[in-house]
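Taking the hints into account, I'd like the entire structure generated from these sequences.
The chain contents come next:
There are 2 protein chains.
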Amino acid sequence: MSDIIIAVDAMGGDNAPFEIVKGCVFAVGEHKNIKIILIGREKEVQDELDKYSQDKSRIEIVNADEVIATEESPTAAIKNKKNSSMVIGLNLVKEGKAAAFISAGNTGALLTGAVTIIKRIKGVERPALGTLMPMENGKSSLLIDAGANVDAKPSFLVQFAKMGSVYMENVMGVKNPKVGLINIGAEKEKGNTLTKETYELLEEADINFVGNIEARDLFLGKVDVMVCDAFVGNVVLKFAEGFVGSILRIVKRELLSSFLSKVGALLSSGSFKRLKKYFDYSKVGGAPFIGLSGLVVKAHGNSEEKDIVGAINQCIKFIESDITNKIQEKI
Amino acid sequence: MSDIIIAVDAMGGDNAPFEIVKGCVFAVGEHKNIKIILIGREKEVQDELDKYSQDKSRIEIVNADEVIATEESPTAAIKNKKNSSMVIGLNLVKEGKAAAFISAGNTGALLTGAVTIIKRIKGVERPALGTLMPMENGKSSLLIDAGANVDAKPSFLVQFAKMGSVYMENVMGVKNPKVGLINIGAEKEKGNTLTKETYELLEEADINFVGNIEARDLFLGKVDVMVCDAFVGNVVLKFAEGFVGSILRIVKRELLSSFLSKVGALLSSGSFKRLKKYFDYSKVGGAPFIGLSGLVVKAHGNSEEKDIVGAINQCIKFIESDITNKIQEKI
Chain A
1160 MSDIIIAVDA
1170 MGGDNAPFEI
1180 VKGCVFAVGE
1190 HKNIKIILIG
1200 REKEVQDELD
1210 KYSQDKSRIE
1220 IVNADEVIAT
1230 EESPTAAIKN
1240 KKNSSMVIGL
1250 NLVKEGKAAA
1260 FISAGNTGAL
1270 LTGAVTIIKR
1280 IKGVERPALG
1290 TLMPMENGKS
1300 SLLIDAGANV
1310 DAKPSFLVQF
1320 AKMGSVYMEN
1330 VMGVKNPKVG
1340 LINIGAEKEK
1350 GNTLTKETYE
1360 LLEEADINFV
1370 GNIEARDLFL
1380 GKVDVMVCDA
1390 FVGNVVLKFA
1400 EGFVGSILRI
1410 VKRELLSSFL
1420 SKVGALLSSG
1430 SFKRLKKYFD
1440 YSKVGGAPFI
1450 GLSGLVVKAH
1460 GNSEEKDIVG
1470 AINQCIKFIE
1480 SDITNKIQEK
1490 I
Chain B
1160 MSDIIIAVDA
1170 MGGDNAPFEI
1180 VKGCVFAVGE
1190 HKNIKIILIG
1200 REKEVQDELD
1210 KYSQDKSRIE
1220 IVNADEVIAT
1230 EESPTAAIKN
1240 KKNSSMVIGL
1250 NLVKEGKAAA
1260 FISAGNTGAL
1270 LTGAVTIIKR
1280 IKGVERPALG
1290 TLMPMENGKS
1300 SLLIDAGANV
1310 DAKPSFLVQF
1320 AKMGSVYMEN
1330 VMGVKNPKVG
1340 LINIGAEKEK
1350 GNTLTKETYE
1360 LLEEADINFV
1370 GNIEARDLFL
1380 GKVDVMVCDA
1390 FVGNVVLKFA
1400 EGFVGSILRI
1410 VKRELLSSFL
1420 SKVGALLSSG
1430 SFKRLKKYFD
1440 YSKVGGAPFI
1450 GLSGLVVKAH
1460 GNSEEKDIVG
1470 AINQCIKFIE
1480 SDITNKIQEK
1490 I
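The listed protein sequences derive, respectively, from chains A and B. When you read off a place in the first sequence, starting at 1, and then add 1159, the result is the number in my numbering. When you read off a place in the second sequence, starting at 1, and then add 1159, the result is the number in my numbering.
Source of the hints: derived by calculation from the structure; they are not laboratory data. It is possible that some hints are incorrect.
[Stated by the list, open to error] Distance ranges between label pairs, derived from CB positions:
| # | chain 1 | residue 1 | chain 2 | residue 2 | range |
| --- | --- | --- | --- | --- | --- |
| 1 | A | 1356 | B | 1238 | 19 to 27 Å |
| 2 | A | 1173 | B | 1352 | 29 to 37 Å |
| 3 | A | 1229 | B | 1365 | 33 to 41 Å |
| 4 | B | 1188 | A | 1229 | 54 to 62 Å |
| 5 | B | 1487 | A | 1284 | 40 to 48 Å |
| 6 | B | 1282 | A | 1235 | 36 to 44 Å |
| 7 | A | 1331 | B | 1310 | 54 to 62 Å |
| 8 | A | 1284 | B | 1356 | 18 to 26 Å |
| 9 | A | 1284 | B | 1177 | 50 to 58 Å |
| 10 | A | 1356 | B | 1161 | 49 to 57 Å |
| 11 | B | 1404 | A | 1488 | 33 to 41 Å |
| 12 | A | 1487 | B | 1310 | 50 to 58 Å |
| 13 | B | 1365 | A | 1335 | 49 to 57 Å |
[What the hints assert, rightly or not] Dumping the calculated DMTMM-like pairs for lysine to aspartate or glutamate here, alpha-carbon to alpha-carbon at most 20 Å:
| # | chain 1 | residue 1 | chain 2 | residue 2 |
| --- | --- | --- | --- | --- |
| 14 | B | 1489 | B | 1479 |
| 15 | B | 1397 | A | 1400 |
| 16 | A | 1312 | B | 1219 |
| 17 | B | 1191 | B | 1224 |
| 18 | A | 1397 | A | 1310 |
| 19 | A | 1347 | B | 1310 |
| 20 | B | 1347 | A | 1310 |
| 21 | A | 1397 | B | 1219 |
| 22 | B | 1238 | A | 1348 |
| 23 | A | 1397 | B | 1348 |
| 24 | A | 1397 | B | 1400 |
| 25 | B | 1381 | A | 1400 |
[To be verified] So these bits of chain B aren't anywhere near chain A, every CB distance computed over 12 Å:
| # | residue |
| --- | --- |
| 26 | 1178 |
| 27 | 1349 |
| 28 | 1362 |
| 29 | 1464 |
In this text, all values refer to a predicted model and were calculated from it rather than measured experimentally. Backbone N, C-alpha and C fix where the C-beta goes; we use that ideal spot for every residue, glycine too.
Here it is, written out as C-alpha cells:
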C-alpha cells in the first residue's frame, strides 16, 4: 500500500504554527505509512521544523503567503484569499495530491471552502460536521450535525443519520449502530415540526433507528449516532464545554469550603486533573465534514500537539475504512 | 390587604397527593396571609390532611373526581376531563376565585388548559414557560421559553424578552435586566434564520438587549434573561439536568479510583451532598407560564414538599409584584 498523504494547515488555530508543526513531527514518527504536507508561510514553518531532531523526511512544506483569520467572513475569505493555507490545502485534496486536509482555523471558512472547492458525494444534499463525544459509560457517540447546517430540512437529517451510521460502523467498528433523534420527549408525537417530520422519515430509513433521545440522556451513551440540526448540535456541544468548566469550579469551591474537605480535595487533586482531561471532548481528534467526496477535518481552535496527532490518526482510520465510497453506497 | 388564595392540584406529579398536601400545610404555617384550595379526590386529600396536627383552617378542599395522567394527550385530556383537578383549578383562576394555580402534573395538558381556559394578556402572541436557573456566580437567570412554543417566530421571541425583563425587574428585583439571545456565536451575523431575524428586532426593542449569548456561557450568569424557542430551551434544561448527574457520578468514580482519593472523597462527602442540591435547579420554585392573564405555575413532576412551598412562595411574589399588569403595559 502506498503512503497516505495528509495536508495540514500550519497557520490555523490559536497555537499555530508551533503546536501544529510539533503534532505533525510526532505523527510521522508514529506512522511509517504517512506523508505530511504542511501549508503555510514557508520560513515560519521551516523555523518550527528546525527545532526537532527527529526524522522529517516525510514532511514537505508548501508555501502559502496568506492566512485566513478567525474573525473573517467565511465567504469573502475563501473568495479573496486564493493563496491562503486553507484554500491551498483544500485544492490539494480536490486535485488528489493529498488524501485529507486538517485545519484548526476558521470553521465557517473551512466549511464554505470545503463545499465550494471539494465536491459533495453524489446524492448528498448537505455535508455535516460530525463530532465524537465521550459518554459516561466510556463509549463515544457521534453528534451529527455539530456545526454545518443551522437551518435544516427533515431530508438533511435523514442523510445525517445514514452517514453517521456508516461512520460509526466503518470507522469506529460499531455493529449495526443505534441512531437516536435528539428531541424534547421520548414519544413519536413530541417535538417541533422539524423533528416530528424527521421521525416519520427515519422510521422508513434503512438504519437502526431507535427513536427519540431526550437531552437528559445525551451523555449516557444509549445510542451511537445522535442526530440534530447544527443549531441544536452546537448548543449541546458548547453548553457541555462551558458547563463542565463551571461544575468543576463549583466542585472545587465546595470541596475547599471546609477544613476536612480541603484535606480531601488535596488528596484528590490528581483525580481532578484526570477528570478535566476526560471532559475535554472538544478535542477528540477533530471533527470531519461528512458527505464530501474528499476528507476535510476540523481540529479545535485551541488544538495542541496531541490534538493534531489525534486528528491525523482519525484521518488514517477514515482513509483505510474507505468511508467515502461506503457513504456513496448508502445514500 | 385581603388573603391571597392559591389553588393547588393535589393529584399532579409523582408524589401526589402526599408531598403536595404536606407542602401546603407547611406553606400556610409560613405565610399568614394566604389561603390554599386543594383540588383532588376529597377523601384521599382529607386523609392526607388528617396526618398533620398543624392549623389547617386556611386550607379548603374542592373535590375533583378525575385526574389527568402524565402520559395522556394534552388536548384530549383537557377537552374530555372537565372534572379533573387540573381543569377545575384553571377554572378557579379564570373565575377569580383563586389568584394562582399550581400543578406538578402533565406539562402539555397544563399549558393547553391554561391557554384555552385562562385568556392571554391582551397583545401577547404566545405565553411562554419561564424557568429560573442558578448560575455559577450564585445569581439566578431566567430561561424563557423553557417549554411552551417549540416552533417560534421572531416576534414571539421579542415578546419573551420583554416579558422576561418585566419578570426579572419586578419579581426578582433586578434593575434594568440584561437580555441575551441564545445563539451559536457572539456576532450579530451568527445563527439560524430565527435568531438572525430576532436579533434585528431585539436591537429595536425597549429592553436592555446585550446581544447573543453563546451556549458555553449560559451558566456564567452574564445576563439576567436568556431568550430562545422552547425546543432549544428544553434541550438546555434537560441536558443540564442529565449532565450534572453524569458528571457527579464520574467525579465520584474518579475520586474513588485510588486509595488516597478514596480518603479524600470520604472527607468531602458532605460537600457532595451540598453540590447535588446546588444543581437541582429543575426545582427552583416551579416555572410560571408568563403572558397569561392569570397565574399558572408548573411545578416539577417529582416535586416534594419543599418544592411545593417554593412554588407557593413564588406565587406570592408574583401576585404582590402585580406582574400581569406590568407585562400588559410593556407589550
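The hints, checked one at a time:
no., hint, verdict
1, 1356(A) <-> 1238(B): 19 to 27 Å, "holds, 26 Å"
2, 1173(A) <-> 1352(B): 29 to 37 Å, "holds, 30 Å"
3, 1229(A) <-> 1365(B): 33 to 41 Å, "holds, 34 Å"
4, 1188(B) <-> 1229(A): 54 to 62 Å, "holds, 58 Å"
5, 1487(B) <-> 1284(A): 40 to 48 Å, "holds, 46 Å"
6, 1282(B) <-> 1235(A): 36 to 44 Å, "holds, 42 Å"
7, 1331(A) <-> 1310(B): 54 to 62 Å, "violated, 34 Å"
8, 1284(A) <-> 1356(B): 18 to 26 Å, "holds, 24 Å"
9, 1284(A) <-> 1177(B): 50 to 58 Å, "holds, 53 Å"
10, 1356(A) <-> 1161(B): 49 to 57 Å, "holds, 51 Å"
11, 1404(B) <-> 1488(A): 33 to 41 Å, "holds, 40 Å"
12, 1487(A) <-> 1310(B): 50 to 58 Å, "violated, 34 Å"
13, 1365(B) <-> 1335(A): 49 to 57 Å, "holds, 55 Å"
14, 1489(B) <-> 1479(B), "holds, 18 Å"
15, 1397(B) <-> 1400(A), "holds, 16 Å"
16, 1312(A) <-> 1219(B), "violated, 52 Å"
17, 1191(B) <-> 1224(B), "violated, 30 Å"
18, 1397(A) <-> 1310(A), "holds, 18 Å"
19, 1347(A) <-> 1310(B), "holds, 17 Å"
20, 1347(B) <-> 1310(A), "holds, 17 Å"
21, 1397(A) <-> 1219(B), "violated, 48 Å"
22, 1238(B) <-> 1348(A), "holds, 19 Å"
23, 1397(A) <-> 1348(B), "holds, 18 Å"
24, 1397(A) <-> 1400(B), "holds, 16 Å"
25, 1381(B) <-> 1400(A), "holds, 16 Å"
26, 1178, "holds, 22 Å"
27, 1349, "violated, 9 Å"
28, 1362, "holds, 20 Å"
29, 1464, "holds, 24 Å"
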